[in-house]
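Chemist: Each chain, letter by letter, is given below.
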Amino acid sequence: DQQVKQNSPSLSVQEGRISILNCDYTNSMFDYFLWYKKYPAEGPTFLISISSIKDKNEDGRFTVFLNKSAKHLSLHIVPSQPGDSAVYFCAASARVNYGGSQGNLIFGKGTKLSVKP
Amino acid sequence: DVKVTQSSRYLVKRTGEKVFLECVQDMDHENMFWYRQDPGLGLRLIYFSYDVKMKEKGDIPEGYSVSREKKERFSLILESASTNQTSMYLCASSSPTGRGATEAFFGQGTRLTVV
Chain Y
1 DQQVKQNSPS LSVQEGRISI LNCDYTNSMF DYFLWYKKYP AEGPTFLISI SSIKDKNEDG
61 RFTVFLNKSA KHLSLHIVPS QPGDSAVYFC AASARVNYGG SQGNLIFGKG TKLSVKP
Chain F
1 DVKVTQSSRY LVKRTGEKVF LECVQDMDHE NMFWYRQDPG LGLRLIYFSY DVKMKEKGDI
61 PEGYSVSREK KERFSLILES ASTNQTSMYL CASSSPTGRG ATEAFFGQGT RLTVV
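Chains Y and F, in that order, are what the protein sequence lines are. So for the first sequence, the numbering used here puts the first residue at 1; every next one is plus one. So for the second sequence, the numbering used here puts the first residue at 1; every next one is plus one.
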């Protein structure tokens, strides 16, 4: 059973517009959420994170929003650029020792973002 | 600069071969992970280790084993490679230091093809 869900396998956006990538989770033990970006034939790179004590975290063009009551988070990219085209993975972890070591990340299936010039 | 290094970018092995995938990190991280990435399935955890000689099964451990004899090195072993193990394999490390500091750093990946 998927604990972290990214229901949109792909998203296409025009350059300069906003990209919104969504992620839902089911496990209320998760208290730390991350977004990773992955280009083909490369490992994922960390993009931005948010702790459950916050509802928003911003870093340049990237903002992550967390709605704990809905168990939903989203990544906003504004403005979108062609270089943002990649697969974006949402991940979650629990700081308490839940089902294994602290720091174990559970990933969604990813959303492929295409930003068109 | 943090670094996770996987020994090979591309590997081609025959069915039935024993395959070793090596991963080394230079950040003194306690946690190390092996994932595989397949189209439409995202990143699935195979095994992880939170200390030397410690290991835990992830979501898809069947057909794999791991070894962690030193803190910086985590090896994934395919005892008898099969074609359904053709995949991109990703190693990661992290350190559970304080509140929310569980960002994992990934290696560049190993594209394994089993023929």
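Honestly, I wouldn't trust all of these hints.
What the hints assert, rightly or not - Not the full set, but computed from the structure, chain F residues with beta-carbon under 8 angstroms of chain Y: (1) G40; (2) F48; (3) V52; (4) S87; (5) L90; (6) E103; (7) G109.
Stated by the list, open to error - Pair by pair, the computed Cβ-Cβ distance ranges are: (8) F:V12 with Y:K5: 33 to 41 angstroms; (9) Y:N27 with F:G40: 19 to 27 angstroms; (10) F:K13 with Y:E42: 31 to 39 angstroms; (11) F:G40 with Y:T45: 43 to 51 angstroms; (12) F:M27 with Y:V78: 41 to 49 angstroms; (13) F:R14 with Y:T26: 39 to 47 angstroms; (14) Y:I53 with F:S82: 22 to 30 angstroms; (15) Y:K5 with F:V52: 46 to 54 angstroms; (16) Y:H72 with F:G63: 33 to 41 angstroms; (17) Y:K54 with F:T15: 46 to 54 angstroms; (18) F:T15 with Y:S28: 23 to 31 angstroms; (19) Y:D59 with F:M27: 26 to 34 angstroms; (20) F:T15 with Y:D55: 24 to 32 angstroms.
Simulated from the structure, these hints should not be mistaken for lab results. Beta carbons are placed, not taken as given, at the ideal position from N, Cα and C, and that holds for glycine.
Chemist: None of the hints should be skipped; say for each whether it holds.
Modeler: Consistency of the hints with the structure:
no. : hint                                 : verdict
1   : G40                                  : holds (7 angstroms)
2   : F48                                  : holds (6 angstroms)
3   : V52                                  : violated (13 angstroms)
4   : S87                                  : violated (13 angstroms)
5   : L90                                  : holds (6 angstroms)
6   : E103                                 : holds (5 angstroms)
7   : G109                                 : holds (5 angstroms)
8   : F:V12 with Y:K5: 33 to 41 angstroms  : holds (34 angstroms)
9   : Y:N27 with F:G40: 19 to 27 angstroms : holds (22 angstroms)
10  : F:K13 with Y:E42: 31 to 39 angstroms : violated (22 angstroms)
11  : F:G40 with Y:T45: 43 to 51 angstroms : violated (21 angstroms)
12  : F:M27 with Y:V78: 41 to 49 angstroms : violated (32 angstroms)
13  : F:R14 with Y:T26: 39 to 47 angstroms : holds (41 angstroms)
14  : Y:I53 with F:S82: 22 to 30 angstroms : violated (45 angstroms)
15  : Y:K5 with F:V52: 46 to 54 angstroms  : violated (34 angstroms)
16  : Y:H72 with F:G63: 33 to 41 angstroms : holds (35 angstroms)
17  : Y:K54 with F:T15: 46 to 54 angstroms : holds (49 angstroms)
18  : F:T15 with Y:S28: 23 to 31 angstroms : violated (43 angstroms)
19  : Y:D59 with F:M27: 26 to 34 angstroms : violated (21 angstroms)
20  : F:T15 with Y:D55: 24 to 32 angstroms : violated (50 angstroms)
The structure is inconsistent with the numbered hints 3, 4, 10, 11, 12, 14, 15, 18, 19 and 20, although it conforms to all the rest.
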